[in-house]
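Here are the chains, one letter per residue:
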Amino acid sequence: MKTARGMGIAAKVFFLVFIVFLVSAQSMSAQTILKVGVSTEPASLDPQYSTTGATQQASQQIFETIITRSQNLRMSPSLALSWKTIDPLKWELKLRQGVKFHDGKEFGSDDIVFSIKRIPRVPDSPSSYKRNVAAIKDVVAVDKHTVHIFLKTPSPALPIDLSFIYVLPSTTPENASVDDFNKGKYVNGTGPFKFVEWVRGDRLVVEKNNEYWGQKSSFDRVIFRPITNDPSRVAALLAGDVDIIDNVSPVDQERLRKDPKVNVLSKPGVTLMYIHMDSDRDQSPHVTGKDGKPLAKNPLKDPRVREALSLAINREALVARILNGAAVPSGQFVPEGMVGYTPDIQPDPYDVEKAKRLLAEAGYPAGFAITLHSPNDRYLNDEQVAQTVGQFFARIGLDVKVQALPYSVFGTAATKLEYSIFLMGFGNTTGDAARGMTAVLATYTPSEGLGANNRGRYSNPEFDKWIKAAAVENDEEKRETFLQEAARVAFLKDQAIIPLYFQTITWAVRKGLSYEPRMDEYTLANKVTIVK
Amino acid sequence: MTVFIIRRLLQSIALILVMSVLVFLGVYAIGNPADTLIAPDATEEERTAVIQHFGLDKPLYAQYGKFLSNALKGDMGDSFKFNEPALKLITERIPATLELAFAALFLTILIGIPLGLVAGFRPKAFFSKLIMGVSAFGFSVPVFWLGLMMVMVFAVILGWLPASGRGKTVGFFGIPVSFLTWDGIRHMILPAINLSFFKLSLIIRLTRAGTQEVIRSDYVKYAKAKGLRSSRIVLIHVLKNTLIPITTVLGMEFGRTIAFATVTETIFAWPGMGKLIIDSISTLDRPVIVAYLMMIVLMFIMINLIVDIIYSLLDPRVRLEERA
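For the record, the sequence lines run as chains A and B.
Our numbering numbers the first residue of the first sequence as 341 and each following residue consecutively.
Our numbering numbers the first residue of the second sequence as 757 and each following residue consecutively.
This is chain A alone, in the form it adopts within the complex (with noise of 0.2 Å):
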């Protein structure tokens, strides 16, 4: 008896094992299927509720944006074909036809208004979409392909805004709660793929929406996989695991370049790095005569000192040594290309004569003590940069320490300015320099939202004048030039932060496929195509 029951469950196993060979090896066949081997994966698949790259990563596969962006960042139409003021506080939306959501619900203009409306109830959100709707005071649908949008206060930035906001059909209900999202239920948009499965920290998997309007996938099945390990992404990559990786880390890249199977492709990206220092006090922490003593003022306060730290850094060796050429100097926040871009700002030279010269100008011949603080976790290589670059003012004749910690320690303690200089990046994700600078150079004044992110407190009265003419000015080109006067004071004159470099952004496929790079380093995977 005993036996027998044994023998049962054993065939039964068996018999289990060989249905899911038969399932495995039918839904094997016909199907094109892409992998993506992605480093992150999202917080939620509610595309409303976190403004990280990995979560919009996710979304953009599934929904769509009420206006798009570029691979460089520039506007271009999307589920709203044009976009126009009718007065500085009014804007008017006309819509694409013809567009449905993937439960065949026809789009129009009351998933704008729905969509629009929603950003400020979706609850909990650690980093929330909320800035982006800051400035509307009200959305109206004129007609089923006409929106109207009135705002608080000008707001030439509304576009931008507008392409962070994902479109969920007007049918979602208002209670829809995360775990609904993340188990699929409300996953309904117009972009180019049908959700199937997501299960949190394995896979994303999505289909090939047959009805997209636009670029449509070559492949009918794609699954994310979150293989946050570098060396593990791309030995997924050569071992045929995955067709497409996401970040590749400049140590492998130099390896994959070689390797016939693999393609390496690369772009600037828009994470600035830079040093940022205590412009402010009369005492800074960290800044002592090289006896160790304080110094009767913060030489950090001297643009002149600044600009010599900035002279000091040979970029061109950094960038090529440390970060094996991963990276476009840089001597200013938005790389080529960007709104805000100043073609006469370049990278400065490395010129440690003239750096000796303005040091000693400035009063300090014989140099003085300083420590510069630096993750160690967070961007590319950042300790060996901090490392590098301390060196590179001990060349003209600082005495340097460097302290590296675990971002979630250094965040904390910069924001409470603790340091007085150290190793920083902001990512200008919009494509505009407005937002960046508005945050890293502006004078500090939380009340009007200015310099949420000057850890220097840089203040000079006459930046903040052109950063707040361009926030409320319409016309496009004299916002652009507004931006470049403030850039103009900011690097060419005060150098409040010293410009490092912009991170490349890398991707590898399998020979065989393409994928043209862009600077929001989104894996976008119906832009994934087969070549001959």
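Please keep in mind that the hints were generated in silico from the structure rather than gathered at the bench.
A couple of the hints might just be wrong.
[Unchecked claim] So the derived label-pair ranges between C-beta atoms look like this:
(1) Arg595/A - Ala805/B: 43 to 51 Å
(2) Glu656/A - Trp916/B: 40 to 48 Å
(3) Glu656/A - Ser825/B: 55 to 63 Å
(4) Arg595/A - Ile867/B: 29 to 37 Å
(5) Glu514/A - Tyr817/B: 31 to 39 Å
(6) Tyr817/B - Lys598/A: 56 to 64 Å
(7) Ser1038/B - Arg597/A: 28 to 36 Å
[As the list claims (entries may be wrong)] To give a feel for the contact side, a few chain A residues facing chain B, derived at Cβ under 8 Å:
(8) Arg471
(9) Ala475
(10) Tyr747
(11) Gly751
[Said to hold, decoys possible] Heads up, simulated DMTMM-like pairs for lysine to aspartate or glutamate below, C-alpha to C-alpha not over 25 Å straight-line:
(12) Lys844/B - Asp464/A
(13) Lys525/A - Asp834/B
(14) Lys440/A - Asp520/A
(15) Lys477/A - Glu514/A
(16) Lys822/B - Asp519/A
(17) Lys996/B - Asp974/B
(18) Lys829/B - Glu825/A
(19) Lys523/A - Asp1035/B
(20) Lys844/B - Glu537/A
(21) Lys470/A - Asp834/B
(22) Lys808/A - Glu676/A
(23) Lys457/A - Asp427/A
(24) Lys470/A - Asp791/B
(25) Lys844/B - Asp520/A
(26) Lys814/B - Asp464/A
(27) Lys829/B - Asp520/A
(28) Lys924/B - Asp570/A
(29) Lys445/A - Glu514/A
(30) Lys756/A - Asp813/B
The structure presented is a predicted model; accordingly, all values stated were derived computationally and were not measured.
Even glycine gets a Cβ: it sits at the ideal position worked out from N, Cα and C.
We have chain A already, so just place chain B on it with the hints.
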């Protein structure tokens, strides 16, 4: 025995309380979750709103008090990052980690004990020396290096096995498992070996040492003199007596395997708890960290309890009441 178990469970409650205070203080000391969670370009207004929402503006004792009163109701709080219950996030990941840990344990026992016995019985044979050499290697090589090397050799160069991931899963009493599909097993081989390698070396050494000690004992000599078959001597007299320390060590190691499979899970992109905890620490997602560590404490207490019980079954001289 019942008294012993009840007393142990009471002690564990105190331990969990102490642990929760430590973890709370620890995370508080590391940094402010607001700085890693909130988008870097958020306005001050947004920052304040988020900080207030998560209660991070309140003094630490008030935050802890709120946590404790919720925890008593079975609510460990919602993850800051995912906005889902921390316990749910963790339990979602348990099957994957447990499956891997059991596979590693299985390999350890199935390979480690027989090899250890062989090395103990024939210490001078070439094969035994080879076993001991490999186990010395197992002790000294870092887990991440071994993992990456295996990936390079078996996945990239030879192409026999997949480099990472969990593969196909099927429901087994409603729990997703991968050991029932060929694809799943293929995905499990490398991480399981990687996870078991250190333990395997440990068990080989323990078994060998135990065996060498036991075969010199009088009762084994007596059994030999009585003319018992050597298979009986090995399986009944030697093995059973060497099993006692091995059980203790395996119990502890199993706990560690579950709690700290982090490295292996990261290298092989195995969607278990270890990966979750690492990600949570880097974003200072406190509810998840606290819930996870408290669960791990509970698990260690349970494992120790079970080990003690097995111990008493293996060795009748051990009485649970006295040891408590």
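Q. Which of the numbered hints are not met once you compare them with the structure shown?
A. 9 and 18
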